[in-house]
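There are 2 protein chains.
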Amino acid sequence: MDFQSFQEKYNVKFKNEQLLKQAFTHTSYANEHRKSQIKDNERLEFLGDAVLELAVSQYLYRGYPLMSEGELTKLRANIVCEPSLHKFSVQLGMDKLVYIGKGEEATGGRSRPALLADVFEAFIGALYLDQNFDATLNFLKSNVFPTIEVGAFSHAMDYKSSLQEFVQKQGQQVSYQIVNEIGPDHDRQFVAACYIEDRHCGEGKGRSKKEAEQRAAERCLTALKQTEQ
Amino acid sequence: MDFQSFQEKYNVKFKNEQLLKQAFTHTSYANEHRKSQIKDNERLEFLGDAVLELAVSQYLYRGYPLMSEGELTKLRANIVCEPSLHKFSVQLGMDKLVYIGKGEEATGGRSRPALLADVFEAFIGALYLDQNFDATLNFLKSNVFPTIEVGAFSHAMDYKSSLQEFVQKQGQQVSYQIVNEIGPDHDRQFVAACYIEDRHCGEGKGRSKKEAEQRAAERCLTALKQTEQ
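Protein sequences, first through last, are from chains A and B. Heads up: the first sequence runs through residues 1 to 229, numbered per full-length UniProt numbering. Heads up: the second sequence runs through residues 1 to 229, numbered per full-length UniProt numbering.
The reader is advised that the hints may include incorrect statements.
For chains that are exact copies, the list does not tell them apart, and a pair is met inside one copy or across any two.
Here are the simulated lysine-lysine pairs, DSS-like style, with alpha carbons at most 25 Å apart [as the list claims (entries may be wrong)]:
1) K225 to K39
2) K160 to K141
3) K39 to K74
4) K39 to K169
5) K96 to K205
6) K96 to K210
7) K205 to K160
8) K87 to K141
9) K9 to K160
10) K210 to K35
11) K141 to K102
The set of hints was computed from the structure by calculation and includes no laboratory data. Being a predicted model, the structure only gives us computed values, none of them experimental.
Please model the entire structure based on the sequences and the hints provided.
Structure below.
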């Protein structure tokens, strides 16, 4: 993959291709080419980090209207963190475009998670500078947010706490009950029901009672969210 | 001050005044008025924090083209932190507009730095939602960034390190020399000169040798910045 096909594949078109290339330039490469005054991606990474924080914050704020600030903050930290950004970077094939120094290449720098996470942030920073916030948001909507939607971060979401906080604000109580156990012993699944006061408001299935309750709370939150809108 | 005069004073006009009021609503007030379903400012604070991070990052990125990523990050952390946000909040008179619960009011909550810093962030979040990023940036440019420009954060800026990093990238060396000491013993001031290789590129004055060198490095960086543009 080259920069041309990368841009075509992800439907972006940089006005300033130098900026695009700078986003992929590790400091080890810039150091090896000092005379040509090549700029590395570190300052772009600084900017991109903030662009990404806002894009993800806005996405979560709008997408999860019932989630508390604490829960939102936790989820954001799970999305904007090195392991996630590394994953996005590899998914997009960014590792193939990185300019790194010879020493760094020899020691496997091209696949180093921290380096690739930085490249992802630097790319976001470059896109923001070259175009604007909305264009950057569109890129993320097409290429990154779907990963969030398929539940890749659901391990970080504590639906029971979210629901608890929400119903407490209304002065109500939430409770759970295991209403069914299915499957043979070695492959047992539980079904939990969730109640607000005495009203049944969702069921969930899981390999543990806790997981079943989390799924039930999630369904219940989704239902409440639809009612509120 | 009421919300009307606050908006007039700072030249903002909310389309959705509820959102403006929500930004000033501490959770203790919302808890005391549960029946009227008043929303507190916590989710707005989550969003505002990210808006502020990006606004400040962009401001620093553009304003300090020679500053390294490490230096930018340090400076941003010094601007987007509780003591600074508390100061901005008080400067803008936000403390007078806060809705807090009776218990919180009785224990001096209205002047609590953390509470006021949160209100500042929530206001920024509300402005962003009600309008857009550019409008929020304009508000900050008029009312907050000037505080940065007058050097309120210069204690956080290590000009000597910035200059060092910059000249090293060009393969050059920087050095300092105390060229004068002025004033009587009890009010001594030092004058430092800064050299890149052997070229004199700035002088600075200070009450300690270190301070004088920092000021000299700052002058030198400003000169280099002008040359680069």
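Query raised in the report: Which hint numbers doesn't this structure obey?
Result: 2, 5, 6, 9, 10 and 11
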